[in-house]
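Asks: Put chains B, C and D on the given structure of chain A with help from the hints.
Chains as they are written, first to last, in the working numbering: chain A, 1 to 308; chain B, 1001 to 1308; chain C, 2001 to 2308; chain D, 3001 to 3308.
I should point out that these hints are in silico values taken from the structure, not numbers from a laboratory.
Small disclaimer: the values here were computed from a predicted structure and weren't measured.
We put the beta carbon where it would ideally sit given N, CA and C, even for glycine.
Treat each hint with caution, since some may be false.
What the hints assert, rightly or not - Calculated pairs, BS3-like style, for lysine-lysine (alpha carbon to alpha carbon, straight line, at most 27 angstroms):
1) C:K2251 x D:K3251
2) A:K251 x D:K3251
3) C:K2251 x D:K3147
What the hints assert, rightly or not - Stretch-level coverage of chain B by chain C, calculated; a stretch enters the list once three of its residues show a Cβ under 8 angstroms from a Cβ in chain C:
4) 1039-1050
5) 1093-1102
6) 1133-1139
7) 1143-1152
8) 1168-1180
9) 1254-1260
10) 1288-1298
Number of protein chains: 4
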Amino acid sequence: MQKPSFDPGLTQQVNGALRRAINKDGSFNVERRGTSWRDIHPYLHLINASWPAFLSIIFSAYLVVNTLFAVVYFSLGRGELQGTDAPSSFGRFMNDFFFSAHTLTTVGYGIYAPTGIEANSVAAFEAMVGLMGFALATGLLFGRVSKPSARIGFSPRALVAPYQDQSSLQFRIVNLRSNVLIELQASLLLMTVEGTPLTRRYTALPLERERVYFFPLTWTVVHPIDESSPLFGKTPEQLQALQAEVLILIKAFDETFSQTVNARFSYRYDEIEWGAKFSPAFKIDGDGDMILEVDRVGEFARVEAAGR
Amino acid sequence: MQKPSFDPGLTQQVNGALRRAINKDGSFNVERRGTSWRDIHPYLHLINASWPAFLSIIFSAYLVVNTLFAVVYFSLGRGELQGTDAPSSFGRFMNDFFFSAHTLTTVGYGIYAPTGIEANSVAAFEAMVGLMGFALATGLLFGRVSKPSARIGFSPRALVAPYQDQSSLQFRIVNLRSNVLIELQASLLLMTVEGTPLTRRYTALPLERERVYFFPLTWTVVHPIDESSPLFGKTPEQLQALQAEVLILIKAFDETFSQTVNARFSYRYDEIEWGAKFSPAFKIDGDGDMILEVDRVGEFARVEAAGR
Amino acid sequence: MQKPSFDPGLTQQVNGALRRAINKDGSFNVERRGTSWRDIHPYLHLINASWPAFLSIIFSAYLVVNTLFAVVYFSLGRGELQGTDAPSSFGRFMNDFFFSAHTLTTVGYGIYAPTGIEANSVAAFEAMVGLMGFALATGLLFGRVSKPSARIGFSPRALVAPYQDQSSLQFRIVNLRSNVLIELQASLLLMTVEGTPLTRRYTALPLERERVYFFPLTWTVVHPIDESSPLFGKTPEQLQALQAEVLILIKAFDETFSQTVNARFSYRYDEIEWGAKFSPAFKIDGDGDMILEVDRVGEFARVEAAGR
Amino acid sequence: MQKPSFDPGLTQQVNGALRRAINKDGSFNVERRGTSWRDIHPYLHLINASWPAFLSIIFSAYLVVNTLFAVVYFSLGRGELQGTDAPSSFGRFMNDFFFSAHTLTTVGYGIYAPTGIEANSVAAFEAMVGLMGFALATGLLFGRVSKPSARIGFSPRALVAPYQDQSSLQFRIVNLRSNVLIELQASLLLMTVEGTPLTRRYTALPLERERVYFFPLTWTVVHPIDESSPLFGKTPEQLQALQAEVLILIKAFDETFSQTVNARFSYRYDEIEWGAKFSPAFKIDGDGDMILEVDRVGEFARVEAAGR
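Chain A with its partners taken away, still in its complex shape:
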């Protein structure tokens, strides 16, 4: 059987304690080395950059391009640019700089204006550069703002809870946003460190339900701990010794973005609560309306004698 899985690479060996594989923000805890600058994709970097970095880059590029064109205008004769004469070189340069800004943004007040053929040619070129450059800048800006993303709330702890005469591993998710997600799909992998030499192992954890059509309320994702489960018969101490971490991938279709969105999460052995079950996070009010309490997604109650 060909099972989709996280690839072990066949050769992973570990010595000593491991950091978690998936950070709480969904990123992977992996440092990359040996990459080449030729593989850098400027668009991807600018889309993923922080807001201060992005805005600084845009603003700096604006200053640099204006300065470069100002140098060109400054090098032309004064008769080329109407209205930019000034008593000092600095004043003339600043006027050239502002003429450049008027041109690059296509605002073109006309207080400074090209009269000679050279200045006019440069300005005609600069206006085109401005339109193209701002299209890139604004496209990136809008791409950042409209980038599809999901905001899935995970219960802070996974539970080992009773389930149909046996035990189960459960966690609960909720849509933190009010937009509509449909066709959710969950995939779980158990990551352990075991064997001699110590090797990372990845085992898929089958779910009671892999998909739900609708997601207006909460979804309790349930892995039944039956005989076939790698968690069967394990104690909390054993999971700690195995440095167990449950890796989670949630996929959904976002109706507003009209795109597939993803969320990653993980629970480590010390984030699993044994012998508990989730309390309902929604209720029906007197009018028959359902009320979802988003911030109660992690609420659970202890149960006695939870089967393991």
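Replies: Same frame as chain A, but now just chains B, C and D:
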């Protein structure tokens, strides 16, 4: 077997009468509480906002930004901005405000124009802000206009109709728009309230056909009521007692949007017609052409002795 | 078994000869009646409109909006708009009209310029309207130009060709464009008219291969005519009597558009060639390079004794 | 069984040596002939054109459109355009040309400005053309920059390596970029030339794992060479005689692009290393952090007695 399904959350208990789960416009009848402002995504809110709200926000932002820049220009010396002098402070402020508008929109008539370094610097910055800001506004505007959506017409009533020596639950859909939808897929869930304590249950209703390739005419979605159906042997009175609601998800690929689009709908127990079958909603005219009558999607005729 | 299929609607009855269901350009031969104007989606109509219609609408909207604003400017006092005075009313109106155009396009030469508060307010509003309106127009223009589409060349005739000791229905496709399509998928439906009363029937035709990963050359789509095929033992005359039409849906992933694209086609009984097989449409030249001859996609040769 | 596959076209016959089917950059080694200019899609060509070609086309179009409008303005009376008079025809034409540039880019300094009805009409039209045209140019520019693409690093050589008491064909991939790819899927086809007459054959090579959920490290794609494998019992010499080439398609979901991306690659018989296995390309440092060394994706070590 892992069946995709609406998740019961394992713990839903209800007391008393329920409102319908899916409203007639496809939205879920769920009120959300306990959400955090940090989970609000401005893009999603502006895309989903009503048109009056959206246009008001854009127009207000335009006024506010112009006012802020006008205050800055007003605070600069009069020598900084050519043509904005006026007999009164109000007149000067209004000229500064309009100069700001000329700059923000990059219209730049030049009747008002920056001459000093300070005004020129602010104006160069404002023109950039204008280009970036209007890119957001127009991107949102176009995003709203071009947002993929389907307009599926559902028959107002579902029918319990004879089907191959047995009974079936049927409803009929039509594409209310003239653009091409292909690869339609339908998913049905029966929601009931039963047991002690009263619990919501969700059962998938298998279909005679889950998918059709083409959708130029109507599609009659058929759930055969055989022994394995949760509707088998049920009377209208029993469905009412169970507060039965059939939840429907339709997916399709829209050729014009080049995107997957969705439609949701539901039929409650009191929207099911017993012992009827749909009348054809299209005909062949004398030239052999098919004619689809979109507004007849819900037409049905009574049948005697409809098997249940 | 739930087989995806074209839905018969259960009640289709036909009398007399039928036009083909899918036209040669891939559109469906269905006339729609009873649609409501409330279901019209302006974006979809403007994206699908012909080029002359689209450009006329854009140009007309430009004239109408300019005229409306010109009427407003004309109604204001002459002192409000610098440079627009003229000996005649017509001249004044034209100047107002052109001032409006300078503002709507944000070109703003300044030869006409607002000086009064009223004209300035209207112009500030018009510049915003211009930016928003042209964003819609240019977004639609670019949406039309960049709309994903496939240009699949189908062999003009389908063949009944020998295939592994039996017969088969074959047709051949080629990518008419040079961009890369991957993961092609083909679906075939046989549409017939039979029974009493005459009813349309749709039967899926299973394929020897439903998908190919790559599509640099041609793909010969093959339906084996074995005992389970609805075409088994049929003669050309019988297919004519059944008014048989093979409906085809091709899906592919376009690498340049990064989107799924589709093509539809159909072969009627009189477009099927009996006892022929496709000639190769590509060759290997002396250097070991493959050469694809796109225009030979439909070339076939007669075979004697083609099994039926 | 209907297996997805590369289509043989049923009739491929080859004489002599073949070039590789998939080039190292992922393109297909196929020359296309007999295409029609009517099937050319300008958008696809401009998106796929080289950067120098694209920029030249944009710049040339800018010059051509300006020249055309300059000719129109030049043909109008001198009284129509304020400020464009000059001692020579050349000077007047250049002024008209620059006025056109000021209008097309909507920079509109006003140093040249339309005063007559004819010049104003042409300028109003040109400003609209400029907005629409630059929308196409900038849309194409941004479409090129933001085009989804994957940069998958393949090990330069595929290995025949031991795998669970048998042999296997392996290659290793890594994400050369730092953005997140999820849900990778690999498909392998073995292409051989054999039989009389010599015919190309394509056989799917099943994988130990077809999909992985996450891809933060490397993925070693493994085809087990068991009895059912077409590589079973083959020697390097036999693969050379068969001109064997392993065609590879990798699909993944790119989180930043929110799109499916692809990569193609192939290994020819002379790019397969017999009796070797990959060395780990990542390590765990003292803090338990994983460190991926991207440039070591191809590193392998010889193994003695590699089973074939």
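Asks: Please go over all the hints and tell whether each is borne out by the structure.
Replies: Hints versus structure:
no.: 1; hint: C:K2251 x D:K3251; verdict: holds (17 angstroms)
no.: 2; hint: A:K251 x D:K3251; verdict: holds (17 angstroms)
no.: 3; hint: C:K2251 x D:K3147; verdict: holds (21 angstroms)
no.: 4; hint: 1039-1050; verdict: violated (count 0)
no.: 5; hint: 1093-1102; verdict: holds (count 4)
no.: 6; hint: 1133-1139; verdict: holds (count 4)
no.: 7; hint: 1143-1152; verdict: holds (count 4)
no.: 8; hint: 1168-1180; verdict: holds (count 6)
no.: 9; hint: 1254-1260; verdict: holds (count 4)
no.: 10; hint: 1288-1298; verdict: holds (count 9)
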